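There are 2 protein chains.
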Amino acid sequence: MSTDPLVVFTPSGKRGRFAIGTPVLTAARQLGVDLDSVCGGRGICSRCQIAPGHGAFPKHGVTVAADALSEWNAVEERYRQKRGLKPGRRLGCQARIMGDVVIDVPPESQVHKQVVRKAASARAIELDPATRLCLVEVDEPDMHEPSGDLERLARALRAEWGIAEIRADLSLLARLQKVLRKGKFQVTVALHRGHEGDAAQVVEIWPGLHEGGIYGLAVDLGSTTIAAHLTDLVTGEVKASSGIMNPQIRFGEDLMSRVSYAMMNPGGDREMTAAVREAIDTLAGEVAAEAGIDPALIVETVFVCNPVMHHLLLGIDPVELGQAPFALATSNSLGLAAKELDLTAINPRAQVYLLPCIAGHVGADCAAVVLSEEPGKSDDLVLIVDVGTNAEILLGDRSRVLACSSPTGPAFEGAQISSGQRAAPGAIEAIRIDPRTKEPRFRVIGCDLWSDEPGFAEATAATGITGICGSGIIEAVAEMRLAGLLDESGLIGSAAATGCARMIAEGRTHAYLIHDATASGGPRITVTQGDIRAIQLAKSALYAGARLLMDARGVDRVDRVVLAGAFGAHISPLHAMVLGMIPDVPLDKVTSAGNAAGTGARIALCNLAARREIERVVRDITKVETAIEPKFQEHFVAANAIPHKTDPFPELNRIVTLPQVSFNTGAETAGRRRRRG
Amino acid sequence: MSTDPLVVFTPSGKRGRFAIGTPVLTAARQLGVDLDSVCGGRGICSRCQIAPGHGAFPKHGVTVAADALSEWNAVEERYRQKRGLKPGRRLGCQARIMGDVVIDVPPESQVHKQVVRKAASARAIELDPATRLCLVEVDEPDMHEPSGDLERLARALRAEWGIAEIRADLSLLARLQKVLRKGKFQVTVALHRGHEGDAAQVVEIWPGLHEGGIYGLAVDLGSTTIAAHLTDLVTGEVKASSGIMNPQIRFGEDLMSRVSYAMMNPGGDREMTAAVREAIDTLAGEVAAEAGIDPALIVETVFVCNPVMHHLLLGIDPVELGQAPFALATSNSLGLAAKELDLTAINPRAQVYLLPCIAGHVGADCAAVVLSEEPGKSDDLVLIVDVGTNAEILLGDRSRVLACSSPTGPAFEGAQISSGQRAAPGAIEAIRIDPRTKEPRFRVIGCDLWSDEPGFAEATAATGITGICGSGIIEAVAEMRLAGLLDESGLIGSAAATGCARMIAEGRTHAYLIHDATASGGPRITVTQGDIRAIQLAKSALYAGARLLMDARGVDRVDRVVLAGAFGAHISPLHAMVLGMIPDVPLDKVTSAGNAAGTGARIALCNLAARREIERVVRDITKVETAIEPKFQEHFVAANAIPHKTDPFPELNRIVTLPQVSFNTGAETAGRRRRRG
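Top line first, the protein sequences correspond to chains A and B.
Under the numbering used here, read the first sequence as residues 4 to 680, first letter to last.
Under the numbering used here, read the second sequence as residues 4 to 680, first letter to last.
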């Protein structure tokens, strides 16, 4: 017996000997080479395209003869004429091994394509979604072996795809017989795999080969906004993203006011549940329309959200989350059918996955940040801060990860600020104050020019200058401190004390005028003493949470800081550190992760193993409950000031020196005491 | 070390030695003694009551001292005062072993009580339903270990009851937190076990110890009637039974006319689905009201039905069942939530179980008959006939079981018979014709007297004599044959040929007058030639089906016959054999199984293992499709006659001799040919 031909696959380098006549797809499967196929080798899906090499490959020790593969066959020719096939490509299910050969699997023929996540990270997500397409030939019914159509479909999936067990709901059963007959017993099924050992769920079934693709929705359900990213589950590509306001805002701006609404109004939780489900349904329809796809092709949805949103989405009264011990109804990940959440725009059998919650205040959104940022795989000690109405804070490295949440309130989002507004065109998002002249210059959303650059007035004429958004107020407060307009305690100096004509007396306190558009009917934008106090409260809460985790870990500094959250992307690290929002680290050690929770949702959507990973990882996270730690108050009070800094880490590349000034006359302090009384 | 005390449990006889101080419940569990407990040994459910013996038990080699058990304790005293405890009874979780002892477990303390099925059978069903009650103490939430309430409930069930995994739907999750707190974290859950390896479903949860019981509904969903039996899942007792007409009758009397309705009317299947689900929901509410229980305590339902009813119940268009190859959408058993079938009267999370279907014409009702009658465990060859609009026929013994269904049509139910009617008061259900005088005497439903007995007229005055029901027409035809009024071919003789004045000429054929109430405005009840032909068709179909199974088995006689079906209970074996409905066997070898399908449903409701058994058994049944077997037609034609019999089995106790007569003049035959054209 002569030696069987040697087959080398690239780029994997996997190799083996196969009998003459073995289809390339068969060889690939036996070697575990990642070569796609939906039709199971019937020459109709073309997913298994390969590119055979020619000539000598010294690296692999193989010389490929011209007849190393079987001749171009009729199936390939028909496919080429009908759909087109790039020159040099063969169908792996048709081409048979006739001699030693090197076969390249192009990226588009790999099932587990790498879905590049983001430029900032080397990590890529391997595409291996929970739901996949399988084409099968089902045995026709036979009176002598009268098993049901579903049972014969199960048998075909077992034989052709190795699926141990399937289940189908009644709505699928009601479609099954017609579709099987329409497809002449050849059908494509969208199969959803749950936990290992669970039966795979038949989500959808199409006659013949389904070429319309399947899609998934990653939903970041925030207290304020709901964002949805529509992802092609075959290519991993994001086809469309869209967001809408969370309609629950009408029941309360922040989480605790919504919990209060539920407590005070019988049935209030059900109202909020109905509102958010309807909004998600609308959003799903919109994002599908934007991508130009049939919403019934959305077969999967992943949700990330904080615990209150989580419970309200599920129809659970969040009242227990409003009081110690903040007990979750359920903390594990959840798999549901979309219809259980009244989602009707998408496929009625679409499967929903909710990431696990970490604790009563640390939700599935934080778990998604963990999945995205992987603090447990960090060599150095990383502090991750997801800034929103609540801040989720993570601290960790390979040895251990800790998590807490801190009630920063909505000031960082521009709410409860006198000139504050949401991030929208016309909002001041960046500001600089000249330390010498105390004059401000700023940039507004929707315009790349600074306010002192030529053409700014014209460029902003349409939107006007309407207020300050979250990142703008943080910069404004930090710049005021840097310019000596604010003292360590956070008190704004008077015009006399600061020598700045923009200081306006407001009762016993002062405000800093950034922009006055009253002459043209616009607003007068100032930073008031109240604004400073609101930001101080927020930043103290954030900082105190981080300190609490550092205490628990027994450290007093961290190696790097990651700012997450849609808002985190816009915060200037310098200003955050001036304010004392985050512990001091070298500026180049502060990075933005963008919407890490949304990224985590996308990862869970695109990769089944990632779900199992985060379910395992969250169990090992040490949860710190800020509400019951006495030291939280201590840190909170201590963090209130914006002190003069004497460069505590001279070895680090600090670039900030805060002026040592004091405006305290007692007046504002008395006023504050009264207000807080 | 002295020898530990010896403990003997009766009636099981299980025995073992236990350390002094071991609670009796603990000892029972270790020995596998069937001693109930819902509260897990907390002294509150009283299910573990035991009766310790006193004195010498030579049989067990034990002498029980007065202090063999620990002293009556405060928990037992409190229970006795509050709820009462029979003299001599102790609580097994409180009484501790102090010396050698014999302990009797009274029947009401056994979990797996034997639920006696019926007098006719030695077999009893062991009570081990899929849904059971468990009382657990759940850990209170703890901020330092912030797992969800559901996860802590799961942990408690694992620790106290050995439940590996649980799942709960959103409606249960929405209740969970309130109930846990209301019960101070002590709750009773109704847990439903599915297939091995599946997570147990939390169907209901109550604060503290739930003493209201749980119930199951066994539903026999027939083409004509729907019967429901409400069973106490703790005692196995049937609390109430009720039936209603299947409202689908308005869409078609028999199965095939309903399939036609679905084929001819778009959405017709959905109309029929909605109608039957609504009827079942109504029936469930009624049967609960009859038993005086809260319908929300119905946590389980088992359905048995033929394939068309099965598909229509599930919302599947039955069109495929109306044409070869009669493909079922699904043949396996099914587990569902009640709400998926729009059942709202019972617990919304109640679990529904449908028995498997055997083939496209042999449904879950036939599987239930197999479960009830166990042909596969029979030592002799048994033929089981479930007579309805379709007849399900089973033939088998330990070596092999065969099944088919045969389209008998509704004649056996009194339909398509000139004086036919459903079995209801006033219907003739039994009839005898004097072979000498040719005079009939009969009995009607609602009266125990024969028509020639004194007082009959008075007793039936209220109902009148309104028609003939199924069993009546069978007897009438058989009696006419025995009296020589009918020849072998089924032709009715004329008055002249038979010498009977009751023969009425009707065109070219004759009819036999049973009762004439026209003088008092009542009906004239006759058996016409058309009636005879309808019965001949029905009995030929039934007989041909049985013969087909006998052919497949290679036998030409069977050892015994079981008549099943509500109607089967009323058929006279003698008359059935005269007619040739069933193969000849000794009369004492024909028994009635009553409503065997309903009994099978009750077995599946009361015993989880029975579900696994029938799922396994149906796979091994040989299915014979009457519609495609050429020999069916042959047997059918051959079975049409009611021939003169010459005692084919002289060794058997035959008691029938049919007269050898012939009335064939050609007239009726010509008429028949024309009609059938």
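Don't read these hints as lab results, they were simulated from the structure.
All values derive from a computational prediction rather than experimental measurement.
Some clues are possibly wrong.
Claimed, not checked - Computed footprint of chain B on chain A; a stretch qualifies when at least three of its residues, placed anywhere within it, have a C-beta under 8 Å from a C-beta of chain B:
1) 173 to 182
2) 309 to 320
3) 428 to 435
4) 493 to 504
Glycine included, every Cβ here is placed at the ideal spot set by N, Cα and C.
How the hints compare with the structure:
| no. | hint | result |
| --- | --- | --- |
| 1 | 173 to 182 | holds (count 7) |
| 2 | 309 to 320 | holds (count 4) |
| 3 | 428 to 435 | violated (count 0) |
| 4 | 493 to 504 | violated (count 0) |
Hints 3, 4 from the earlier list are contradicted by this structure; the remaining hints agree with it.
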